[in-house]
Amino acid sequence: MDRQSEGDAAPTPNKGLIESEDWLAVLLGSVALLVALSASAVNRAPDFADRLNAIDKGREQLKALESTKSSQDDDSTRKTIKAEEKRLQTLTTGLFTNPLKPVIAKVGSWESNPADAFFKNDKSIVPGLLGVFIATLVLFGVGSALRGERVAPFAGAFVVVFLLAAAAYVLAGQNVIKHYNLEYALWAILIGMVISNTVGTPQFLFPAIRTELYIKTGLVLLGAEILLSRLLVLGLPGIFVSWVVTPIVLITTYMFGQYVLRMPSRSLNMVISADMSVCGVSAAIATAAACRAKKEELSLAIGISLSFTVVMMVVMPAVIRAVGMNQVLAGAWLGGTIDSTGAVAAAGGMVGTTALEVAATVKMIQNILIGVVAFGVAVYWVMYVERDEKAERPGLMEVWRRFPRFVLGFVGASIVFSTIYSSGTAGSALAETAIGGLSETLRGWFFCLAFVAIGLETNFRALSQYLKDGKAVTLYVCGQSLNLALSLLMAWIMFEKVFPQASAVLKR
Amino acid sequence: MKVSRTALQRWGSLAAAILSIGFVWLVVLPRLAAQHSVSEYIANQQRLGIDASAMFYSELEIVPAIAHHVERLHDAHGDDFWNRASPDPPN
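Protein chains in written order, with the working numbering: chain H, 1 to 508; chain S, 1 to 91.
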């Protein structure tokens, strides 16, 4: 995100221990991940060794059952496989428990009474919300102190910003909003903008408007969720649909924006190209941070992406059913094209179970690309976009000086958690418990706080100027059209022509 | 006087925005949720355990089970996912 317009880029009165906000984000994110990991690691199941043995034996049995092709046609064998998979899943998730999970919560869903959002399975989640509040306050309060800033004004302002973030989660939790993928990011920006464009953002809130810090710390946590070994789970067909089509669409859309539409802002062009081709809001956040896009540009890209996602998640399953497309091809097409992960699953679910499985898996593989894209965009920006026109290509030292350091934390977290995940049954269970039990929830809150902060600093007029020439929407529509065509073609070639046997395995 | 009128307008705008949000979320959306096609769609998503608002795959509770299932299929049929199908032998 742009440094000039960022409040936190202003010189601080006292120099703290950590001057760079990027390094601070890496530090805070690493602490949160370390806590999540160690809390899970020390809480092994009492029958840990027995469970591990049972899982390994069960896997061998499953492998034998699945390898016997003739038995796959037998209904009872299929039921046995399903039941065994469920049993193994229960055993695996029970290997570790994260004791912090009950005290770190997200706001729930509701239909007509917003108070329902504060209960899950008839139990109040208010203690969990208080836990999140305390955890985030302490984490970012320590961050403020390390930056040499006064903690008391930050803490006072943070209470209000946190409450606004909670309000955004409540709006996003309404069942219609939730199930049509209108994510919290949109409502957090809206709430912030309602305040900033009516009564104006009160001065006392500014110490807690730390968009960059919240986003970058959230991105370090997101890095832990990028488990690289899952890239190979669908073999070559999955790689071609997710990792070949996506970069082609991203680069082509960006070039189309630069040379045909002549987009006035390169960063807006890049953020829209990335969120449309990779995975929606999360890709927009990561690339916006990597290319220092303006806050209004990120807001606009998210708004466009979510608007089109709602349409695509309803229209695409209808088209698929109308033309009678097979479920594997349909799932691959949905997973490769719809921006948001939740919307992909929802659309896949409308088509069928196999489509849901393939769509979710293709999207998961595409999600992993986000780290590579963020890294690539950061390098490209430093080497080609931000360099002086007259100067020669910057040397390695200059690239390192300008490189956004938080990307290293993002990639580093991914490498560490991928290594743990790939180390065996216990490792994969540990990584999943740490992510699912704590870091994923915290990351959601960090992003929500960031979007509230963006809204509090966004002017309607500044945002509307980007929409005047219609280029942003045109870019999205053209890029998405290419994505739809190319993904369908690639999915058809890979799953129908080159690897029909993979398709047959997935259909069973 | 002018300043206070402006301030009043601003607070009025804020109140109007809050009321609009309240109306949409407390009246319009619950009515929409009660419509047959929408409630059926939501119930189906809930039955499948799908959180359509998930931003990243790790937020979907169904993903670990799907990922492990596909991983096992991949382990058992690795060749089918990596090696091109050989053409049917001529009759």
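It should be emphasised that the hints constitute simulated quantities derived from the structure, not laboratory data. We put the CB at the ideal spot given by N, CA and C, even for glycine. The reader is advised that the hints may include incorrect statements.
[To be verified] Just some of the chain H residues that point at chain S, by a computed CB distance under 8 Å:
1) 194
2) 234
3) 357
4) 440
5) 460
6) 462
7) 463
8) 465
9) 502
> Going through the earlier hints one by one, which of them does the structure break, listed in rising order?
Replying inline: 5, 6, 7 and 8
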